[in-house]
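Novice: Sequence order for the protein chains is A and B. Here the first sequence is numbered in this note's numbering, starting from 1 and rising by one per residue. Here the second sequence is numbered in this note's numbering, starting from 356 and rising by one per residue.
In case anyone wonders, no lab produced these hints; they're calculated from the structure. A few of these clues could be false.
To be verified - For the chain B half of the interface with chain A, some residues (derived, Cβ under 8 Å), not all of them:
hint, residue
1, Lys405
2, Cys407
3, Ala411
4, Ile415
5, Pro485
6, Met492
7, Leu496
8, Val622
9, Phe666
10, Thr745
Stated by the list, open to error - Derived pair list, reagent style SDA-like, types lysine to any residue, alpha-carbon separation capped at 25 Å:
hint, chain 1, residue 1, chain 2, residue 2
11, B, Lys421, A, Leu215
12, A, Lys236, B, Lys588
13, A, Lys239, B, Thr743
14, A, Lys141, B, Ala677
15, A, Lys166, B, Thr743
16, A, Lys190, B, Arg630
17, A, Lys164, B, Ala667
18, B, Lys669, A, Thr97
19, B, Lys746, A, Gly317
20, B, Lys427, A, Glu323
21, A, Lys50, B, Asp652
22, A, Lys319, A, Gly332
23, B, Lys405, A, Glu235
24, B, Lys458, B, Met432
25, B, Lys421, A, Thr97
26, A, Lys236, B, Ala406
27, A, Lys141, B, Arg673
28, B, Lys490, A, Gln219
29, A, Lys290, A, Glu323
30, B, Lys490, A, Lys239
31, B, Lys588, A, Glu13
32, A, Lys164, B, Arg663
33, B, Lys405, A, Arg7
34, A, Lys239, B, Phe400
35, A, Lys290, A, Ser349
36, A, Lys20, B, Gln435
37, A, Lys50, B, Leu423
38, A, Lys216, B, Val598
39, B, Lys427, A, Gln24
40, B, Lys746, A, Lys236
Where is the CB? At the ideal position from N, CA and C, for every residue including glycine.
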Amino acid sequence: MSNIPFRSDQVVEELVQFNKNLSQGVKNLLDAEEISEGVTPREEIYTEDKLKLYRYQPSTGVVQNKIPTVIVYALVNRPYMADIQENRSTIRGLLDTGQDVYLIDWGYPDRADKYLTLDDYINGYIDRCVDVIRERHGVDKINILGICQGGVFSLCYTTLHQDKVKNLVTMVTPVDCKTPDNMLSHWVQKMDIDAIVDAMGNLPGEMLNWTFLNLKPFQLMGQKYVSMVDIISDEKNVKNFMRMEKWIFDSPDQAGEAFRQFIKDFYQQNKLVEGGLKIGEHEVDLKNLKTPVLNIFAEQDHLVPPASSKILPKLIGSKDYTELSFPGGHIGIYVSGKAQATVTPAISSWLNARS
Amino acid sequence: MSETNSWAEQWFKAQQQFVDAWSDMAKSSTSGNDTSQSDLWAQSFELWRKACSGQAQPDIQQAMNKCLDMGKEYFAMAEQVSKGMTDGANPIEAINQWMEQMKQSLQQFGGVPGFDGSGVNDFMKQWFSPNASWKEMVSGLTPMNQAFWQMPGMNTSVFNLGEMVDPLGKVLEAPGVGYFREPQEKQQKGLQLALDYQEANFKFNQAFLRIAMESIQGFQNRLLGLEGDSVPKSLRELYDLWVTVSEEHYAEFAMGEEYQALYGDMVNRLMIMRRHYGEIADDFLRTLNLPNTREIDTMQERLQQVRRDNFALKKEIREIRAMLQQMNSRPEPAAKSAPASKTTPAVKTAPAAKSAPASKAAPASKKAPAAKKAPVRKKTVASKTKVTRTKAGA
Numbered sequence: 001m002s003n004i005p006f007r008s009d010q011v012v013e014e015l016v017q018f019n020k021n022l023s024q025g026v027k028n029l030l031d032a033e034e035i036s037e038g039v040t041p042r043e044e045i046y047t048e049d050k051l052k053l054y055r056y057q058p059s060t061g062v063v064q065n066k067i068p069t070v071i072v073y074a075l076v077n078r079p080y081m082a083d084i085q086e087n088r089s090t091i092r093g094l095l096d097t098g099q100d101v102y103l104i105d106w107g108y109p110d111r112a113d114k115y116l117t118l119d120d121y122i123n124g125y126i127d128r129c130v131d132v133i134r135e136r137h138g139v140d141k142i143n144i145l146g147i148c149q150g151g152v153f154s155l156c157y158t159t160l161h162q163d164k165v166k167n168l169v170t171m172v173t174p175v176d177c178k179t180p181d182n183m184l185s186h187w188v189q190k191m192d193i194d195a196i197v198d199a200m201g202n203l204p205g206e207m208l209n210w211t212f213l214n215l216k217p218f219q220l221m222g223q224k225y226v227s228m229v230d231i232i233s234d235e236k237n238v239k240n241f242m243r244m245e246k247w248i249f250d251s252p253d254q255a256g257e258a259f260r261q262f263i264k265d266f267y268q269q270n271k272l273v274e275g276g277l278k279i280g281e282h283e284v285d286l287k288n289l290k291t292p293v294l295n296i297f298a299e300q301d302h303l304v305p306p307a308s309s310k311i312l313p314k315l316i317g318s319k320d321y322t323e324l325s326f327p328g329g330h331i332g333i334y335v336s337g338k339a340q341a342t343v344t345p346a347i348s349s350w351l352n353a354r355s
Numbered sequence: 356m357s358e359t360n361s362w363a364e365q366w367f368k369a370q371q372q373f374v375d376a377w378s379d380m381a382k383s384s385t386s387g388n389d390t391s392q393s394d395l396w397a398q399s400f401e402l403w404r405k406a407c408s409g410q411a412q413p414d415i416q417q418a419m420n421k422c423l424d425m426g427k428e429y430f431a432m433a434e435q436v437s438k439g440m441t442d443g444a445n446p447i448e449a450i451n452q453w454m455e456q457m458k459q460s461l462q463q464f465g466g467v468p469g470f471d472g473s474g475v476n477d478f479m480k481q482w483f484s485p486n487a488s489w490k491e492m493v494s495g496l497t498p499m500n501q502a503f504w505q506m507p508g509m510n511t512s513v514f515n516l517g518e519m520v521d522p523l524g525k526v527l528e529a530p531g532v533g534y535f536r537e538p539q540e541k542q543q544k545g546l547q548l549a550l551d552y553q554e555a556n557f558k559f560n561q562a563f564l565r566i567a568m569e570s571i572q573g574f575q576n577r578l579l580g581l582e583g584d585s586v587p588k589s590l591r592e593l594y595d596l597w598v599t600v601s602e603e604h605y606a607e608f609a610m611g612e613e614y615q616a617l618y619g620d621m622v623n624r625l626m627i628m629r630r631h632y633g634e635i636a637d638d639f640l641r642t643l644n645l646p647n648t649r650e651i652d653t654m655q656e657r658l659q660q661v662r663r664d665n666f667a668l669k670k671e672i673r674e675i676r677a678m679l680q681q682m683n684s685r686p687e688p689a690a691k692s693a694p695a696s697k698t699t700p701a702v703k704t705a706p707a708a709k710s711a712p713a714s715k716a717a718p719a720s721k722k723a724p725a726a727k728k729a730p731v732r733k734k735t736v737a738s739k740t741k742v743t744r745t746k747a748g749a
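So here's chain B without its partners, still in its complex pose (with noise of 0.2 Å):
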């Protein structure tokens, strides 16, 4: 930790230095159209995202890659900005304008082939951040890895998808032959599941390039209704504002009935790929004379169904015995009746009964008759839940 440290100091002294040279040169031209600027905040990133590799327990560093990234695309919406704000120019042109090229740089991805929103850039690349972290858990959940939609046909962001599925197609057709007719079959099938996958995948992005579009044409109205205090004062209160904007046009997206088919499918078209590769990794285990997944899951079926009849059993045990102790330590029926009227435990039980608060038991048995509380229990029952409500704070 203290080599860390050592570090961590001469690291940040430098860092400070830069930030001050930085800010010397920034308040000194404030045109913000010098393109090398905005080299220098992006470049500044990638060299802490260096720098601090590896020095850094895994979920700190994570927290910290994660700052780094979204560090990097709040400064290149700052740049788009500040661009156009020189010279006494209508900051709500500049936004604009950035605007508009943003959304015809959307509309180009529309055409791109098996479009993935890998290709976005700038600060909408958070619109696509949802299929960005998609695409990496399923590449790890899944045997097909990047490697996998790199294969020759397989290749959706260099083939246009709707070309690619027939010549493929017609290999995928072809009925199997000869002593290993099964397994070519099984092989193709697979494939066609993993074109289904990719299918489905792409509708799901599409349909987030729409929206996203959408939004900047709602980002760009909400700004010009914008009045007194509700308009931004700084370069953050702008983010939050687009934060604000984004979210509501996904939710209004993901809450419709178009988001809950299209993930629906990705997902279940995921999940059947995925189930039929792992029948083909069952059957290839099978033929090494190796444990497969079907013959773990009936073992372990069983043993957890042996491992609730053992807990019931256990309990039934316990139960039996409570019984049984109970039973052995009632007095034996002829021990009871002769000596106890001649020695005094019956004597003794008298008084305590006698001590107890007869007195005081008996009004209660006069208090509620139960005539007279009957009526009263079956209205209660019959009438609603009474509620009491409480507001935390209040």
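Isolated chain A, as found in the complex (with noise of 0.2 Å):
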């Protein structure tokens, strides 16, 4: 290339343009008001510890699925990123397919919670709310969705408790933890956890905030907010990128015992795949999972790579699986425009033929 076809009068024009929709977008965050977590309306229904499960308001109007489905989040970030904004959340579109939407709000893990092993998560935890909720509705089994590390528990949690889960839908979910293209597993493999652990308590949410940051530095600390100054300039989009700037740097500490063993059993020994995993006293072999499983994985997912997820068939003995390939990343399967008119449907639809 001999030339580059913009004059110097033209990279002005652009400055005193980027200077005005920064002076406008300014001007648009003071005015913002505050940020709230989640839109949809939604009742507490039991709580415990810091954990609250909450069911949302069903739709009107729509056929039900009798059978509930509850969402089992990450302890990673907090869990409204699937009700982000009043067009763009996930649990909306479940709701408006006839979905009866629960979910498991985790909370903030203080020091008092450092002892929280995977197994007082998913055989405490998770299967006190599936309780709950069976016996809410007075069913024997319960749909399950799991989100990213929640997909990894609930895939736990149902091969060891499959008389009370009818099907098991997992959204980015990591399986294979030690693929080549996962940047985030690269980087573990050399920590001493133990170290982190017993050094930390509880896992910062900072240093997590920092790892999933770096994993894209120039885009997610620096494109990102030369480009929010054009989107900002527009009031109306001040409060959904608020929303999801709040969401990104909204993380819990981790619970320490919980951590150590995530990282190792996962990540470092990918035990999911290799085997040898136990949660408790009990073994998870993941060939023993004979529920209707519906697996969903993002194309362009930076965090969990496609093939992370892809490999589930091949480890389950459930001899009903469904994946679904989006096209986009992490977060856009749950709030780009796209999302909301395939993914939630799809997913709507999958249930309602299984319950």
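The task is to assemble the complex, starting from two chains supplied on their own in separate frames and drawing on the hints.
Specialist: Here it is as structure tokens:
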């Protein structure tokens, strides 16, 4: 290339426009109201320690699926990602297509929760929430929708408690944690997890944030804010942008013992694939999982590469396996317009067909 | 909120005037060589930052600051690009010249003792944002805040790490004596661990410096290789290209063995140091007869086990109750036989069994002879899981 086709006066024009947008954007930011966590009305129906189990207000005028669905979110970040704004809500989409939706909100663990193990989370908290929902609805089995790390928990839970799970949906769930394109996994291989947990007690949310942002530092810490100037110059976009921004930096600390086991067993030793995984006293062998599974992954996921999820049918014993590939990223699968139009209806029709 | 709004309105009006004035000035002089212009850009960002400070909620303030920081860096890039684009000069040459200057400047940093990326200015600052944010995070998580690293012997940005370790090494190797021998040794070990961490952090930063320089070369090569539609047609497109190239170089580095080792070492050394200082703090608290981490950990662990036992017992009690209820609801065997034949219950159940679709049930048993089904089952188990694949939006 011998030249670039723009002139210095054009650069100045661009900068002036940028400055105008920034000026308007800053004004819009100052006027912005407080950002809420989630938008769909819900009711707290069970609480234990810092955990809260919510039931979302079912949509009227739709045929209700008699089998309720509980969303098991990751311990990392907060679950309102699935209900981030009115027109970008996975939960709203599920309700509008006839699902009765529950969600487990793990809260913010602190020092008192340091000794919570994966056994406490999976065979304790999740199991008790599932029992509460079964009892409320008078059913033996319910549907589970696991998101990211929550998908891993759901796989383990379903394998161990198949008598309580009718259908399992996993979304952007890391199964094979040692695929060659997994940057997160690559980084933790030489980390002394014991030293981290022994030194920190719980893993601070700030450390997780640092890790996630530094998977793509130029885009996530630079370009995003340059592009943000164009976005926030429009008043309507400010609130939505800020919701996302709040969510990104809203990272709870991770209970020390659960974090220790999760990174060692899943990310360092890849036990879901290699075998030998134990949750408490119980061995988890995915071959024993016979429940119908819908596995959804995102093609441009930089946190959970698609290959990490796509291995699932080779490991489980279920004869009813469906997978859905979404052309987007780890977050886009919940918040993009495309996801609202395709992913959520697909989940509902899959569940309805099996309930 | 109304006060803020009224302030915001006034402030916005002033800004508009500022932008308009600036716009007029920029249009009348497009030379780009006037350094006072770039100063004005930079100053405007600082002015905005000061004006907005404390006016917004913390979340919003944080986003606004990031926006202003990035705006400033974006403008710094624009300044450099437009500088060489006057009088029909070839912009590519101007960009190349700027890139060469950046490489030279980074090379100089390579020789700075204890380089931590903090001195890097201009647009390349972004390359050191992982280090800057790491430093910021660490100072919030460890007792070693910025003041700690400014202590004599610890300030690696002033002293050469290699030169510094030796004299301090002698102090650290000196045997502890007397009644306080043990605390002395612990303090010595703490300093040694802090130095170990500093060294690991330094190596991490040095690797970033090298990759940053490589990325500049990569950007230059990419620019030269672009043809047709892929050629940037605006400042923003040029910036986006820079981000793409930088991200590619970073990803290659971050997925390599070197990064894995350097990052792992830095994290591990930080944690070992922190754990050691935690132990020192525990010892200190014990001397004051105050609860320390070790004791609280023991209590928490025991408490958690008691809670698990409680849940298990509650579950067992529920199951026993259910069993008892079931047993109690069963009619007594003696009462069953004699009166039952006299009264109707047995008769009542019989029709039910008859009215149940016996005819429907019957074919089922005919339809599914165990002998016939068995081989099919075996076959299905042996075969692989059936996979239905769908593409969202397809």
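Novice: Compare the structure with each hint and give your call.
Specialist: Going down the list of hints, with the structure as the test:
{"no.": "1", "hint": "Lys405", "in the structure": "12 Å, violated"}
{"no.": "2", "hint": "Cys407", "in the structure": "6 Å, holds"}
{"no.": "3", "hint": "Ala411", "in the structure": "5 Å, holds"}
{"no.": "4", "hint": "Ile415", "in the structure": "5 Å, holds"}
{"no.": "5", "hint": "Pro485", "in the structure": "5 Å, holds"}
{"no.": "6", "hint": "Met492", "in the structure": "5 Å, holds"}
{"no.": "7", "hint": "Leu496", "in the structure": "6 Å, holds"}
{"no.": "8", "hint": "Val622", "in the structure": "6 Å, holds"}
{"no.": "9", "hint": "Phe666", "in the structure": "7 Å, holds"}
{"no.": "10", "hint": "Thr745", "in the structure": "5 Å, holds"}
{"no.": "11", "hint": "B:Lys421 - A:Leu215", "in the structure": "18 Å, holds"}
{"no.": "12", "hint": "A:Lys236 - B:Lys588", "in the structure": "29 Å, violated"}
{"no.": "13", "hint": "A:Lys239 - B:Thr743", "in the structure": "39 Å, violated"}
{"no.": "14", "hint": "A:Lys141 - B:Ala677", "in the structure": "19 Å, holds"}
{"no.": "15", "hint": "A:Lys166 - B:Thr743", "in the structure": "18 Å, holds"}
{"no.": "16", "hint": "A:Lys190 - B:Arg630", "in the structure": "18 Å, holds"}
{"no.": "17", "hint": "A:Lys164 - B:Ala667", "in the structure": "18 Å, holds"}
{"no.": "18", "hint": "B:Lys669 - A:Thr97", "in the structure": "38 Å, violated"}
{"no.": "19", "hint": "B:Lys746 - A:Gly317", "in the structure": "23 Å, holds"}
{"no.": "20", "hint": "B:Lys427 - A:Glu323", "in the structure": "45 Å, violated"}
{"no.": "21", "hint": "A:Lys50 - B:Asp652", "in the structure": "19 Å, holds"}
{"no.": "22", "hint": "A:Lys319 - A:Gly332", "in the structure": "29 Å, violated"}
{"no.": "23", "hint": "B:Lys405 - A:Glu235", "in the structure": "22 Å, holds"}
{"no.": "24", "hint": "B:Lys458 - B:Met432", "in the structure": "15 Å, holds"}
{"no.": "25", "hint": "B:Lys421 - A:Thr97", "in the structure": "39 Å, violated"}
{"no.": "26", "hint": "A:Lys236 - B:Ala406", "in the structure": "24 Å, holds"}
{"no.": "27", "hint": "A:Lys141 - B:Arg673", "in the structure": "19 Å, holds"}
{"no.": "28", "hint": "B:Lys490 - A:Gln219", "in the structure": "20 Å, holds"}
{"no.": "29", "hint": "A:Lys290 - A:Glu323", "in the structure": "16 Å, holds"}
{"no.": "30", "hint": "B:Lys490 - A:Lys239", "in the structure": "31 Å, violated"}
{"no.": "31", "hint": "B:Lys588 - A:Glu13", "in the structure": "13 Å, holds"}
{"no.": "32", "hint": "A:Lys164 - B:Arg663", "in the structure": "21 Å, holds"}
{"no.": "33", "hint": "B:Lys405 - A:Arg7", "in the structure": "33 Å, violated"}
{"no.": "34", "hint": "A:Lys239 - B:Phe400", "in the structure": "23 Å, holds"}
{"no.": "35", "hint": "A:Lys290 - A:Ser349", "in the structure": "20 Å, holds"}
{"no.": "36", "hint": "A:Lys20 - B:Gln435", "in the structure": "21 Å, holds"}
{"no.": "37", "hint": "A:Lys50 - B:Leu423", "in the structure": "37 Å, violated"}
{"no.": "38", "hint": "A:Lys216 - B:Val598", "in the structure": "10 Å, holds"}
{"no.": "39", "hint": "B:Lys427 - A:Gln24", "in the structure": "16 Å, holds"}
{"no.": "40", "hint": "B:Lys746 - A:Lys236", "in the structure": "32 Å, violated"}
Against the hints set out earlier in the document, violations occur for numbers 1, 12, 13, 18, 20, 22, 25, 30, 33, 37, 40.
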